[in-house]
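Protein sequence lines correspond, in order, to chains A and B. Residue numbering for the first sequence is 3 to 117, as defined by this note's numbering. Residue numbering for the second sequence is -16 to 96, as defined by this note's numbering.
Honestly, the hints are just simulated from the structure, not real lab data. Certain hints may be false.
No more than 35 Å apart at the CA atoms, straight line, and that leaves these computed lysine-lysine pairs for DSBU-like [what the hints assert, rightly or not]: (1) B:Lys38 with B:Lys(-4); (2) B:Lys36 with A:Lys5; (3) B:Lys(-14) with B:Lys40; (4) B:Lys38 with B:Lys53; (5) A:Lys40 with B:Lys54; (6) A:Lys5 with A:Lys72; (7) A:Lys72 with A:Lys40; (8) B:Lys(-4) with A:Lys5; (9) A:Lys5 with B:Lys(-14); (10) B:Lys54 with B:Lys38; (11) B:Lys(-4) with A:Lys18; (12) A:Lys5 with B:Lys40; (13) A:Lys72 with B:Lys53; (14) A:Lys5 with B:Lys38; (15) B:Lys(-14) with B:Lys53; (16) A:Lys40 with B:Lys(-14); (17) B:Lys53 with A:Lys40; (18) A:Lys40 with A:Lys18; (19) B:Lys(-4) with B:Lys40; (20) B:Lys1 with B:Lys38; (21) A:Lys18 with B:Lys54; (22) B:Lys(-4) with B:Lys53; (23) B:Lys54 with B:Lys36; (24) B:Lys38 with A:Lys40; (25) B:Lys(-14) with B:Lys36; (26) A:Lys40 with B:Lys40; (27) A:Lys72 with B:Lys(-4); (28) B:Lys40 with B:Lys54; (29) B:Lys40 with A:Lys18; (30) B:Lys1 with A:Lys72; (31) B:Lys36 with A:Lys40; (32) B:Lys(-14) with B:Lys54; (33) A:Lys72 with B:Lys(-14); (34) A:Lys5 with B:Lys54; (35) B:Lys1 with B:Lys36; (36) A:Lys5 with A:Lys18; (37) A:Lys18 with B:Lys53; (38) B:Lys54 with B:Lys1; (39) B:Lys36 with B:Lys(-4).
Note that the structure is a prediction, hence the values are computed from the model and not measured.
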Amino acid sequence: AQKVTQAQTEISVVEKEDVTLDCVYETRDTTYYLFWYKQPPSGELVFLIRRNSFDEQNEISGRYSWNFQKSTSSFNFTITASQVVDSAVYFCALSEATGRRALTFGSGTRLQVQP
Amino acid sequence: DVKVTQSSRYLVKRTGEKVFLECVQDMDHENMFWYRQDPGLGLRLIYFSYDVKMKEKGDIPEGYSVSREKKERFSLILESASTNQTSMYLCASSHTRELTEAFFGQGTRLTVV
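All chains should be modelled from the sequences, with the hints used to inform the complete structure.
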């Protein structure tokens, strides 16, 4: 069965600090997809990134970067020079290609960025 | 832009009532999902559907049912609401091909009193 673990329940940083959100997953499929979503205080889930299991290249988008390592089953998310607007709950999720098409979510990490 | 619209943002219902949560998407997506979100538990899958009139149980289907009579609409039904069903309910839709990301509605916060 697939499973996603976000061990960090809550992280608090001061603006301009770098912060890394951890995500560890379990799956028996060789083909799968990993996702990160952001949930700001307004409540709506915002898609950030999708990565398939065959693409281990790290990705950078502005202040955001993602580190995918199949050897450790991890898909970590780093925010560089954090800002107050980054305050939100962040979810990591997994979807198996051969199983059900639904996303399995981790429990989320609440990030608070203090001014 | 893909839009997933849930009929209510906030609902208050009484124990034992039959409750309908409606969700409509406008992008012709095959897949639709219902999740509930509770603090510390993340999002948990209740039911999902890959096609009209088709439904599959998710991880926590007890106490819920669903209906998908049209491709764009996916309804979640609480047959007899109970206080432990007080939660945030999120609807999502996605395309089958390439397992693209799921798009979410704004959520319905249901309180059962």
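Indices of hints not satisfied (ascending): 11, 13, 21, 27, 29, 30, 37
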